[in-house]
Amino acid sequence: MERMDDFEMRFQKKYKEEIELIKPYRGLENRIEKGLDRPDIRYRWNKKPAVVLCSMVLLMIVCAGLLYNNALLKPDNAFIIYTYADDKRVDLKENEEVTLPSGKYIESNGEREFRGNNHFYIEGDRIKSVHLQSKNGTIMYFDKKKQEDLERNGELYVAKILLDPEKYHLTFPFHYQDFKNLWDSGMLNEYKEKYFKEMSTDLSEYEVGIQTSANNGKLDYAEFIIQTKEQASNESNLYIKGKDVTLEYHKGYGLDPIWHLGDPREKNFISSISDLSQLSDTITMAIEFSDGEIKNYQIEKSFDDAGNMLIEYKTDDSE
Amino acid sequence: MQNNSFREKYELYGEMLYRIAFLYLRNRSDSEDALQEVFIKLLYNAPTFQDQQKERAWLIKVLSNICRNMLKKRKKYLFCNEEVLSAKVEEQDFGETLSCVMAVAPKYRIVIHLHYYMGFSVSEISKILGISGSAVKMRLKRGRDILKKKLEV
Numbered sequence: 003m004e005r006m007d008d009f010e011m012r013f014q015k016k017y018k019e020e021i022e023l024i025k026p027y028r029g030l031e032n033r034i035e036k037g038l039d040r041p042d043i044r045y046r047w048n049k050k051p052a053v054v055l056c057s058m059v060l061l062m063i064v065c066a067g068l069l070y071n072n073a074l075l076k077p078d079n080a081f082i083i084y085t086y087a088d089d090k091r092v093d094l095k096e097n098e099e100v101t102l103p104s105g106k107y108i109e110s111n112g113e114r115e116f117r118g119n120n121h122f123y124i125e126g127d128r129i130k131s132v133h134l135q136s137k138n139g140t141i142m143y144f145d146k147k148k149q150e151d152l153e154r155n156g157e158l159y160v161a162k163i164l165l166d167p168e169k170y171h172l173t174f175p176f177h178y179q180d181f182k183n184l185w186d187s188g189m190l191n192e193y194k195e196k197y198f199k200e201m202s203t204d205l206s207e208y209e210v211g212i213q214t215s216a217n218n219g220k221l222d223y224a225e226f227i228i229q230t231k232e233q234a235s236n237e238s239n240l241y242i243k244g245k246d247v248t249l250e251y252h253k254g255y256g257l258d259p260i261w262h263l264g265d266p267r268e269k270n271f272i273s274s275i276s277d278l279s280q281l282s283d284t285i286t287m288a289i290e291f292s293d294g295e296i297k298n299y300q301i302e303k304s305f306d307d308a309g310n311m312l313i314e315y316k317t318d319d320s321e
Numbered sequence: 002m003q004n005n006s007f008r009e010k011y012e013l014y015g016e017m018l019y020r021i022a023f024l025y026l027r028n029r030s031d032s033e034d035a036l037q038e039v040f041i042k043l044l045y046n047a048p049t050f051q052d053q054q055k056e057r058a059w060l061i062k063v064l065s066n067i068c069r070n071m072l073k074k075r076k077k078y079l080f081c082n083e084e085v086l087s088a089k090v091e092e093q094d095f096g097e098t099l100s101c102v103m104a105v106a107p108k109y110r111i112v113i114h115l116h117y118y119m120g121f122s123v124s125e126i127s128k129i130l131g132i133s134g135s136a137v138k139m140r141l142k143r144g145r146d147i148l149k150k151k152l153e154v
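Line order of the protein sequences matches chains H and C. The opening residue of the first sequence carries number 3 in this note's numbering; numbering runs sequentially from there. The opening residue of the second sequence carries number 2 in this note's numbering; numbering runs sequentially from there.
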């Protein structure tokens, strides 16, 4: 303590005398001691957070229960629409224009290339069907569910054969005649026995689909699909295309139709950004839900001055 | 802490703590409640102390917080009902010096008490009250000046 002056010394002496007269009453310790043994006091500090925690958990359970009941009582006809620009998923929001980051035509090595995905995806657990009507173009859709059903029932092809290009000395480019030669040579007899059994093995009676790819001019993938005429016809029915289409919704498959106008990938179809306006479209969309509710929307597809694709789906109150 | 231990602690610190509570709260009933609160904390929430000095400092610190919280609550209540504060402050027949100390603001009172009565240094008060050393010095100086004026008139 620093050295005190006279005032401080006098003050300290007097203060000490007077403050020491302030004392708790006799027996206060008994009152306090009694209080210390009370269980509510003993545990109250520990209890407080526990009580708060329990209350919060209880509240959450109640809320979850209410939400669950609500979901059971009132079906939520919710759905989402999204698309992709390169590999980036872009969610579309109702009445909100979205610019696809790279949904544009670009000039690259003299070739015009569309960067962006023409598919748009519709998903919703309670969707029954979606009716789409394109004003300026067409809608295309490949029915994956039907494809799986046909494939499972043997109604899509007789044989799907994947060959090792090296083993069979296949070279690029690979044409139907090359495959026919291979077939007639007897090198593929194991497949004839496996898939054709009592059926004719005359290739001319079938449709042959060839899928190949090459790396540096060398064939590295070769798959062949052999179909009867009827199976080929079934396959062509998997593609739904038109200005006015109704797409059946299957849970787990979603819907990914393509908005399509002419063939934008055709060379010279687009000669400048201003030509992109030809690809603008208005698609009327009516989503029917399993409870019979129908929600109507309009999807506007346009392009800005930089060539970015703009998408907006709006609530359609016209009906 | 067993009850026997409580008795020991009460013998050791009871009066000292009661005075501090009284300096803050200026009435017996609230001071008793504050004292009970600090012993509850000592019993159920206290850390292990290396020595008695540290235990004493911890008790004063905790009691100061309890008293400050009680004063805050009292201020809130006062906002609703002005009569409450005057009812809470007991008019006692203090000596002249203590009366002057009780008349200054609590923040000066407690610093003066800890320094001149309990003998704590500026740095020790700083640690106990959780304020800077310069704030302690300032409060001591201002409190002293106020008291000087009052007592030397």
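Hints are computed from structural coordinates only; laboratory data are not their basis. Treat the hints loosely; a few may be bogus.
[As the list claims (entries may be wrong)] Pairs of lysine-lysine, DSS-like flavour, derived with a Cα cap of 25 Å:
#1 H:K16 - C:K151
#2 H:K16 - C:K42
#3 C:K142 - H:K18
#4 C:K151 - H:K18
#5 C:K142 - H:K16
#6 C:K108 - H:K16
#7 C:K42 - H:K25
#8 C:K108 - H:K18
#9 C:K150 - H:K36
#10 C:K10 - H:K25
#11 C:K138 - H:K16
#12 C:K62 - H:K25
#13 C:K10 - H:K18
#14 H:K36 - C:K42
#15 H:K15 - C:K149
#16 C:K73 - H:K15
#17 H:K16 - C:K150
#18 C:K138 - H:K25
#19 H:K18 - C:K150
How the hints compare with the structure:
As the CA atoms of K16 (chain H) and K151 (chain C) are separated by approximately 14 Å, the hinted pair is consistent with the 25 Å bound. At roughly 33 Å between alpha-carbon atoms, K16 (chain H) and K42 (chain C) are farther apart than 25 Å, so this suggested pair is violated. The hinted pair formed by K142 (chain C) and K18 (chain H) meets the criterion: a straight-line CA distance of about 19 Å does not exceed 25 Å. At roughly 18 Å between alpha-carbon atoms, K151 (chain C) and K18 (chain H) fall within 25 Å of each other, so this suggested pair holds.
The hinted pair formed by K142 (chain C) and K16 (chain H) meets the criterion: a straight-line CA distance of about 19 Å does not exceed 25 Å. Among the hinted pairs, K108 (chain C) with K16 (chain H) is consistent with the structure: their alpha-carbon atoms are about 21 Å apart, no more than 25 Å. The straight-line distance between the Cα atoms of K42 (chain C) and K25 (chain H) is roughly 21 Å, inside the 25 Å bound, and the hint therefore holds. Using a Cα cut-off of 25 Å, the hinted pair K108 (chain C) and K18 (chain H) holds, with the two alpha carbons roughly 19 Å apart.
Straight-line distance between C-alpha atoms of K150 (chain C) and K36 (chain H) comes to about 45 Å, which puts the hinted pair past the 25 Å bound. A C-alpha spacing of about 16 Å is found between K10 (chain C) and K25 (chain H), which places the hinted pair at or below 25 Å, so the restraint holds. Taken as a hint, the K138 (chain C) and K16 (chain H) pair is honoured in the structure, with Cα atoms around 22 Å apart against an allowance of 25 Å. Pair hint K62 (chain C) plus K25 (chain H) holds up; C-alpha atoms about 20 Å apart against a cutoff of 25 Å.
The hinted pair formed by K10 (chain C) and K18 (chain H) meets the criterion: a straight-line CA distance of about 22 Å does not exceed 25 Å. For the given pair, K36 (chain H) sits about 15 Å from K42 (chain C) by alpha-carbon distance, which is consistent with the 25 Å threshold. Restraint check for K15 (chain H) and K149 (chain C): satisfied, since their Cα atoms lie roughly 14 Å apart, inside the 25 Å limit. The hinted pair formed by K73 (chain C) and K15 (chain H) fails the criterion: a straight-line CA distance of about 32 Å is larger than 25 Å.
For the suggested pair K16 (chain H) and K150 (chain C), the alpha carbons sit about 16 Å apart, so the restraint of at most 25 Å is met. This hinted pair does not check out: K138 (chain C) and K25 (chain H) have alpha carbons roughly 28 Å apart, beyond 25 Å. Simply put, K18 (chain H) and K150 (chain C) have alpha-carbon atoms about 19 Å apart, close enough for the 25 Å limit, and the pair holds.
In terms of the numbered hints stated before, the structure departs from hints 2, 9, 16 and 18, listed from lowest to highest.
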